[in-house]
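Just so you know, the sequences run in chain order Y and X. Heads up, the first sequence is in the numbering used here, so the first residue is 2 and it goes up one at a time. Heads up, the second sequence is in the numbering used here, so the first residue is 2 and it goes up one at a time.
Just so you know, not all the hints are guaranteed correct.
As the list claims (entries may be wrong) - Far from chain X, by Cβ distances over 12 Å, these chain Y residues were calculated:
id, residue
1, 13
2, 16
3, 27
4, 41
5, 66
6, 69
7, 87
8, 91
9, 97
10, 98
11, 112
12, 113
13, 121
14, 126
15, 140
Stated by the list, open to error - So the derived list for chain Y, only partly shown, Cβ under 10 Å to chain X, looks like this:
id, residue
16, 19
17, 21
18, 26
19, 37
20, 53
21, 61
22, 67
23, 110
24, 118
25, 119
If you are wondering where the hints come from, they were derived from the structure by calculation, not from laboratory data. Cβ atoms here follow ideal geometry from the backbone N, Cα and C, with glycine treated the same way.
Chain residues, written in single-letter form:
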Amino acid sequence: MWVNENWQVGQINPAGFSSFIRPQDLLFAKAKSQTDVLAVAEEALRSGAIPLVVMELSAPINLTTGRRLQLAAEAGQATGLCIIQENMGSNAAESRWRCTPLFDVKDSTLQRWELIKNKSGTLSVWDVKWDAETRRIIVVSKNAQRAGSARAPN
Amino acid sequence: MPSERVLRARPIDAPFALILRQSNTDRIYCLNAQAEKMGLHRGMGFSDARAYCRDLQSSPADLQADQRFLHTLARWSKRYCPWVGLEGSNGLVLNIAGSAHLFGGETAMVDDMRHSLARAGITANLGLADTRGAAWALAHFSNGPVKAGTPQTQILSLPIDALRLTNKSSIALQRAGVRSIADLIALPRATVTRRFGREVLLRLDQALGSQPEEISPLSDAPHYGVRITLPEPIGLSADVMAGAERLLQQLCAKLKTHEMGARILQLTLRRVDQANQQVELRLARPLRDVGRILPLFQRGVDQVDAGYGIDQLRLEATQVEPLPATQISHSTPSRHKGLDDLITRIGNRIGLENVQRFLPADSHIPERSFIIAPAAYSEPSGAWSTLRPRPLRLFTPEAIAGSGPQPPARFRWRRMSLSVGRATGPERIAPEWWLPDDNWRSGLRDYWRVETKQGWRLWLFYTPQNPGWFVQGEFA
Numbered sequence: 002m003w004v005n006e007n008w009q010v011g012q013i014n015p016a017g018f019s020s021f022i023r024p025q026d027l028l029f030a031k032a033k034s035q036t037d038v039l040a041v042a043e044e045a046l047r048s049g050a051i052p053l054v055v056m057e058l059s060a061p062i063n064l065t066t067g068r069r070l071q072l073a074a075e076a077g078q079a080t081g082l083c084i085i086q087e088n089m090g091s092n093a094a095e096s097r098w099r100c101t102p103l104f105d106v107k108d109s110t111l112q113r114w115e116l117i118k119n120k121s122g123t124l125s126v127w128d129v130k131w132d133a134e135t136r137r138i139i140v141v142s143k144n145a146q147r148a149g150s151a152r153a154p155n
Numbered sequence: 002m003p004s005e006r007v008l009r010a011r012p013i014d015a016p017f018a019l020i021l022r023q024s025n026t027d028r029i030y031c032l033n034a035q036a037e038k039m040g041l042h043r044g045m046g047f048s049d050a051r052a053y054c055r056d057l058q059s060s061p062a063d064l065q066a067d068q069r070f071l072h073t074l075a076r077w078s079k080r081y082c083p084w085v086g087l088e089g090s091n092g093l094v095l096n097i098a099g100s101a102h103l104f105g106g107e108t109a110m111v112d113d114m115r116h117s118l119a120r121a122g123i124t125a126n127l128g129l130a131d132t133r134g135a136a137w138a139l140a141h142f143s144n145g146p147v148k149a150g151t152p153q154t155q156i157l158s159l160p161i162d163a164l165r166l167t168n169k170s171s172i173a174l175q176r177a178g179v180r181s182i183a184d185l186i187a188l189p190r191a192t193v194t195r196r197f198g199r200e201v202l203l204r205l206d207q208a209l210g211s212q213p214e215e216i217s218p219l220s221d222a223p224h225y226g227v228r229i230t231l232p233e234p235i236g237l238s239a240d241v242m243a244g245a246e247r248l249l250q251q252l253c254a255k256l257k258t259h260e261m262g263a264r265i266l267q268l269t270l271r272r273v274d275q276a277n278q279q280v281e282l283r284l285a286r287p288l289r290d291v292g293r294i295l296p297l298f299q300r301g302v303d304q305v306d307a308g309y310g311i312d313q314l315r316l317e318a319t320q321v322e323p324l325p326a327t328q329i330s331h332s333t334p335s336r337h338k339g340l341d342d343l344i345t346r347i348g349n350r351i352g353l354e355n356v357q358r359f360l361p362a363d364s365h366i367p368e369r370s371f372i373i374a375p376a377a378y379s380e381p382s383g384a385w386s387t388l389r390p391r392p393l394r395l396f397t398p399e400a401i402a403g404s405g406p407q408p409p410a411r412f413r414w415r416r417m418s419l420s421v422g423r424a425t426g427p428e429r430i431a432p433e434w435w436l437p438d439d440n441w442r443s444g445l446r447d448y449w450r451v452e453t454k455q456g457w458r459l460w461l462f463y464t465p466q467n468p469g470w471f472v473q474g475e476f477a
């Protein structure tokens, strides 16, 4: 389920998602304000009917709000994902990631996933790519990455 | 009458006809007075009619809408009497015994009927008599002012067709020289039955009143509303919920007997100071399950201001949908009940139409390759096929600097200066000329999948007929 505010420009394209998930499983909620976005997300997380809730946030959320979302997600055994801007994260979140697409001469799905906050472990950085055939994420080892980078100038 | 139904919504001051396709031919189904004046008639071929009358306007007939309209008229007719039935496909029969004096007598009532119908744009042929058969005959064959008297005197001079006979017996009677009803009455009864069958005398007796004929009135639509009045006012939300549960049990039992499910429920709480508080519940799916509906009311009930107390609860299903019992088998896809309830709860907060899902559409234009439908009123459907990679996010095209059919090596987009690492393309998409779309006025588009050295993977297009470069999407 994808929740955002109705003024936001841009539209998620279900056809683009079809290589990652089944677009028919995707629900889309348009809320009037950030309060509504958070309420909808909390309701969806708590219900347990939806495994993943993605919300697009435009303003920072405070500790109480973040904690409520966290508790709702724990109650419903669901994953909540907030798409936020830089330096806007809530302290209540379980983990915080920074995902940036990387350019690579061979692979057009390479991304760098940086774990910049982790409540239950250490921080780390992975370079991952998407394997379309097996439909899963593959972590690219540092070695291969270095070898690929070394070959790049040639 | 069907043509008048259409013309009520869209008045046309010209010959007009409704067309019905019967056995591979378009025939006139119903026409207005102006078209009749031009010499057209019902059942005529449509192409012939157009040859006679060049400026004939037409529209296809909708028999179901006509039936619905007739039922609406039947409901309206209940202002004259409670005993209203349907007569054929385009008539109503009213038993006004005992209610005529409320309108100042039979003549005044018929005049009132005629006047109200004319104001609504409907020309009605009215007949009033002591028997149903005689009234039918008068409505179809005389349509004059109301004549007082017994059926014998009223319909004697009418033709034999006025007796609602089958076509066969009517022709047989006319061949034998029996043209009017008076002629038929003059014949010895025994010979009539022997020669023309029992139907003729049955219809005659029904028209004259010696055989009874009943009217079967239309039944009222069931009312899905229940209420409870309390001896002492209540104010606690748990008490209100307990009351709502009692009402829901009654309402759901009623819904179950009619095989219906509630779509919109309205709980009205009357306070002791006569002010009403309303709680509306819009359901994502027709339901008649007390255990599932009741928790959904909790949020609305909590927001109610009870004031000095509530002494009456009224629960009404304002919108119902058919919900037939379905056989559960291993092959029926199991619906996720939690999801429906979730959509209901979310929909009550942000509006049920704002919870949406995507349905595939048959178009290769990226913006039109999907339809957004409210999740509560649609089923998820599969058949998503993408031959080529499509971006995750689409936005309205944003112009960038660039020239020539090859993607620019460096460009600025959203205040970022980007340099192209790899470009895949072009994929040419042509506008769908059959649908006007202002965004595609610039003609063909050559789409490129551009990977920038900074990491962004963008979907660019070039319009060769109207040179320019635009960014339209963003890949993962």
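May I ask which of the numbered hints given earlier this structure violates, with the numbers listed in increasing order?
Going through the list in order, the structure violates hints 1, 2, 3, 4, 11, 12, 20, 21, 22, 24, 25 and respects the others.
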